[in-house]
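*Asks:* The residues making up each chain are set out below.
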Amino acid sequence: MLIVNSPVKEIKEIQKDIFLQKIYSPVIAKQIKPGQFLNIRVSETVSPLLRRPFSICDVDGDYIFLMFNIFGEGTKILSHKHIDDTVDILGPLGNGFNLTNDFDTAIIVAGGLGSAPFPFLTRLLKDKFDIYSFVGGRSKNDVITYNLLNVQTATDDGSLGFNGNVVQLFEKNLPSFKSKKIKVFGCGPNAMLRALKEVCIAHNINCEVSTECAMACGFGICQGCPIEATEQSDKYLLVCKDGPVFNVKDVII
Amino acid sequence: MLIVNSPVKEIKEIQKDIFLQKIYSPVIAKQIKPGQFLNIRVSETVSPLLRRPFSICDVDGDYIFLMFNIFGEGTKILSHKHIDDTVDILGPLGNGFNLTNDFDTAIIVAGGLGSAPFPFLTRLLKDKFDIYSFVGGRSKNDVITYNLLNVQTATDDGSLGFNGNVVQLFEKNLPSFKSKKIKVFGCGPNAMLRALKEVCIAHNINCEVSTECAMACGFGICQGCPIEATEQSDKYLLVCKDGPVFNVKDVII
Amino acid sequence: MSNIDLSVTIASLKLRNPIMLASGTVGYGNEIAEFIDLNKIGAIVTKSLSLKPRKGNAPQRITETPAGMLNAIGLANVGVEVFLKEKIPFLKKYDVPLICNIAASSVEEYVECTRMLNEEETIKAFEINVSCPNVKDGGLQFGNNLTAVGKVTEKVRAVTNKPLIIKLSPNVSYIHEFAQVVKDSGGDAVSAINTLVGTAFNIFTRRPKIQNVFAGLSGPAIKPIALAKVLEIHQKVDIPIIGIGGIMNWKDVVEFIIVGASAVQIGTLNFIDPTAPIKILKDLENYCKQMKINSVSELTGSYII
Amino acid sequence: MSNIDLSVTIASLKLRNPIMLASGTVGYGNEIAEFIDLNKIGAIVTKSLSLKPRKGNAPQRITETPAGMLNAIGLANVGVEVFLKEKIPFLKKYDVPLICNIAASSVEEYVECTRMLNEEETIKAFEINVSCPNVKDGGLQFGNNLTAVGKVTEKVRAVTNKPLIIKLSPNVSYIHEFAQVVKDSGGDAVSAINTLVGTAFNIFTRRPKIQNVFAGLSGPAIKPIALAKVLEIHQKVDIPIIGIGGIMNWKDVVEFIIVGASAVQIGTLNFIDPTAPIKILKDLENYCKQMKINSVSELTGSYII
Ligand SMILES: Cc1cc2nc3c(=O)[nH]c(=O)nc-3n(C[C@H](O)[C@H](O)[C@H](O)COP(=O)(O)OP(=O)(O)OC[C@H]3O[C@@H](n4cnc5c(N)ncnc54)[C@H](O)[C@@H]3O)c2cc1C
Ligand SMILES: Cc1cc2nc3c(=O)[nH]c(=O)nc-3n(C[C@H](O)[C@H](O)[C@H](O)COP(=O)(O)OP(=O)(O)OC[C@H]3O[C@@H](n4cnc5c(N)ncnc54)[C@H](O)[C@@H]3O)c2cc1C
Ligand SMILES: Cc1cc2nc3c(=O)[nH]c(=O)nc-3n(C[C@H](O)[C@H](O)[C@H](O)COP(=O)(O)O)c2cc1C
Ligand SMILES: Cc1cc2nc3c(=O)[nH]c(=O)nc-3n(C[C@H](O)[C@H](O)[C@H](O)COP(=O)(O)O)c2cc1C
Ligand code: FES
Ligand code: FES
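Protein sequences appear in the order of chains V, G, X and U.
The first sequence: position 38 = 38 (the UniProt record's numbering), numbered continuously.
The second sequence: position 113 = 113 (the UniProt record's numbering), numbered continuously.
The third sequence: position 160 = 160 (the UniProt record's numbering), numbered continuously.
The fourth sequence: position 127 = 127 (the UniProt record's numbering), numbered continuously.
Only chain V is shown next, with the shape it has when bound in the complex (with noise of 0.2 Å):
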């Protein structure tokens, strides 16, 4: 964990909405790895006041990069920057995604700006691993497919791809996996991440999650990002510190 103030180098709208801010920041860049995220403070005033959580979407040498849209006061402010203007970055933060377990195929599940950690994962794994990867949204807008490998995409709408949610979609596929020892790394909305925890649970599928929820601190000292646990109840896990990253057993969404 460190604070660095880093230069924004460049900020594409990779499509409509969508916001790619590659940021000049060789020590962060050495340490994080895929499912990590960084707390970042995007002015130096009170307003916004606290850190905004993002996850590390790629690396790439001493750059890392960012994948947002503009939700509200703080990733506006984000978008706006200009060249070489500074961010303030506090991180790598959380645990990451797992990746010495056993499997030889990785599957993406992705539902909104849930994409955003996967380019980073699947620059890493694709010499090694079989990649396959369902990215879904409510609307042709909504899919991020960016840097993802063998994709498959699904819409609310019907307006892209499979009609129907993307666990669906996973789920439809999943018989063309059989031969294979599948590890399902899934992020999105709660919505979909329960519903990806079913189908994984049910058909005892090794599968983590990327969780999202409301952070102050981002490193374990403020307790404000509780998630219940499945087995001890008597405390519960911070997203934080504990996750983001969670296999999906481990975790009531």
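Read the hints as simulated data drawn from the structure, not as lab findings.
We treat Cβ as the ideally placed atom computed from N, Cα and C, and that holds for glycine.
One thing to keep in mind: the hints can contain errors.
As the list claims (entries may be wrong) - FRET-style restraints, in silico, Cβ to Cβ:
1) G:Gly61 with X:Ile278: 27 to 35 Å
2) G:Ser79 with V:Lys30: 53 to 61 Å
3) X:Asn30 with G:Lys16: 51 to 59 Å
4) X:Asn161 with U:Ser106: 48 to 56 Å
Fit chains G, X and U with the ligands to the supplied structure of chain V, relying on the hints for placement.
*Replies:* Frame of chain V, contents of chains G, X and U with the ligands only:
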């Protein structure tokens, strides 16, 4: 009085720490008079919350100019604007200098950033009147002579021009205006304005000063900007509405 | 024309919409009328009036704080007589409900002010400021004292039949107790909240930034506190509430209404954007459309807890 | 090395400097130790401890507000026993005064917690949280009730000789009355302030943003209020004050000290910049140099009004 969102077109550091900002704002440019001011919202966020008052420094065609230094958060944000970023302007505000009086020679007495309103005044008066400018500051770097005419300078530390304050310099030069019908226009810190008032009243010179104080609204609804009147004592005058320019005879500075 | 009903009712006071302009943040209406059409506003509340003119505090009266501002104007106002003679004529030209806010340093003065203003038909209601923290002889002891608030309400009630609104102090532990006293003493509604007591010092001179030392905190900084006070009253006392405190946009207005306000007042925002009240009205209407709400009054206290 | 004396004394508690880390904003020190050298800090205050472990409130527990944040953590903590067994060993490694903050729902529980912790020599003082607004069975009634605060102080005083600090609720009209009761009941110092009661609602779901509905407001938004409370106490009661509320930088620290604080606590800022406490120390020293102040304790209550 109107509210307009106007784009910044140029920011120049005219001397160390002193910025001149050129803004495209045709309607304001058309209406505003020297000595009036603008109340500017520098950010869409709540930080800073209130508008910041600035004298109109100059007008050129459809462009207006502000002059400022980095004092706190508001002026810092203002100085960091990029070209075509907008500022939210409320104005013109206040009364401005009274130029209908009977005088043939205008004398400007300015301390520090008190020079701000005078480039515009000079521009409007220079073809019809003689103008002499006495400009002071604590030290060389604080003396702002930008676009002023017939300038004599004073510094407290003697690093430039007369060694002493600008009011002393002005008083020393008074004899040279004996044959003229002079009017003095002053702006600067309160201590300076008090001294100027004393000199002008002692010598029975017509003198208007642009005063400053904390403001919220800038147009008379908050009652935040009282200044004590010389005459009637059952109520305060408002700097924003009754001023910011006052005849030194009318107010207790 | 839209078919959303924005009108609201507070006791017998009918307003075309719930957006009022708060006391002390619009003077007597003259200046803000240059920016907005007062006829479109729900109601305008005057600067607090006292029996005699008050000069107010010496400068400095205001300073900015994080997402807020402190003020200690000291109730500078023209006094009831001058108000009636010189300020009412301007306001008569508009078709906007006028609410007179009254501040005083004794129960008798509250009653006397009300009596003098009561005849003027342009005045549609009274808002009694028991909570101004900046007047040393009045203010605090009234607003933070249940008995005093009860007594003021009762005595003023006795001299007017116009809707009587008591503007409550937030500087108390349980504001609903005050709302209950107002109700029990014959008041028709409460306004919540007035400013919170605050201060600020210059660290180089070690002097207070505000000449009066203690001052009133307003602006978005106080919004969460104001919302909690409104909700507390709504949960415990059956009385119409006018929500005030840190409103910056239509979303804040909706939030106040959801937690229990029948109408709201806009204060500090008028200094920053005097056109905001009108913009908010449009946005409020859009919200109602989007949420399929026919009448904004349905929203009042519609929280789901 | 500099020749500015930053050390301060609060009753018998000697601190190397006035910068403490506030309860609930640094856990038990483990995480923040990755960012700063705890040995340089004036003191560290633990998350409120209760007799038994507390799971705390269900999510959502926090939300941002203008220049502030609301929290209703619900005093999630490991409990006194686990604290002694598992958390103290880490803290023992540092030479930083440890202050145990205690929260309870009854006078007996306060006393019992204190008794259990009193033997542990690493603990240099107690801070009694009578003012947490988020615990329904405890909290509010204690902090806003003079008699209860007096009783807790007296009973806890009876079981410890260590410095006893009572952390006051700001949700009262006259906080100095509480400081006076603390003094009269044997307390050594007061901390002011804890969070203010606030709330926030989602306008589309109409549900509270915080699961507990009411929550505590902290951050720069509350600084002017906190300063006024500290000043009020300093003007009326002769007791050491620890100033808390919205500190974002060294200037805020100086402001608190000028209005009467002997030391300060940094809360929400730790979430935003955990290295800030150390930076503030340097800047505080520079300020003293610039102002020709030899000992920071000279500054306490040095306002000129
Ligand atoms: C581990 C993690 C990784 C993330 N990765 C990304 C990413 O890669 N790209 C991206 O666009 N977004 C990501 N997010 C979400 C992102 O943090 C929010 O979109 C961002 O905070 C919005 O800030 P804002 O100021 O624009 O919006 P605002 O309108 O100001 O809202 C943000 C506020 O809402 C609260 N909040 C944030 N998230 C939640 C939530 N899930 N539930 C309830 N309240 C919440 C916070 O307290 C915050 O103060 C991630 C969140 C987490 C926790
Ligand atoms: C009529 C008028 C004209 C002005 N013209 C100019 C100009 O042309 N150029 C220029 O650089 N500055 C000018 N100023 C001063 C300018 O408004 C301040 O420098 C500016 O507000 C600083 O804002 P900030 O956010 O940078 O500083 P901050 O540190 O945020 O301080 C500004 C805050 O201090 C308060 N404040 C501002 N002025 C005073 C004061 N005189 N006394 C006490 N408190 C005060 C305000 O409440 C404001 O919120 C003028 C002021 C007035 C009233
Ligand atoms: C400069 C100023 C002057 C005020 N004067 C009065 C007043 O005279 N009477 C009164 O009842 N409230 C007065 N108030 C309080 C406001 O009406 C309102 O209750 C408070 O500012 C909170 O709302 P806001 O956060 O929207 O400003 C004043 C507020 C400000 C900022
Ligand atoms: C997330 C959070 C948790 C807190 N938990 C506690 C607590 O357990 N006990 C306590 O006495 N105060 C607690 N506080 C209050 C702080 O110690 C402090 O009094 C308050 O936040 C004001 O200071 P600040 O504005 O610097 O944060 C908590 C504050 C926050 C923000
Ligand atoms: S965000 Fe602070 S503990 Fe997780
Ligand atoms: S600044 Fe508001 S009345 Fe002058």
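*Asks:* Determine for every hint whether it applies to the structure shown.
*Replies:* Status of each hint after checking the structure:
Against the hinted window of 27 to 35 Å, the Cβ-Cβ separation of Gly61 of chain G and Ile278 of chain X comes to about 32 Å, which satisfies the hint. The hint said 53 to 61 Å for the Cβ distance between Ser79 of chain G and Lys30 of chain V, and at roughly 35 Å that hint is violated. The supplied range of 51 to 59 Å is broken by Asn30 of chain X and Lys16 of chain G, whose beta-carbon atoms lie about 44 Å from each other. Checked against the hint of 48 to 56 Å, the C-beta distance between Asn161 of chain X and Ser106 of chain U comes to roughly 50 Å, which is consistent with it.
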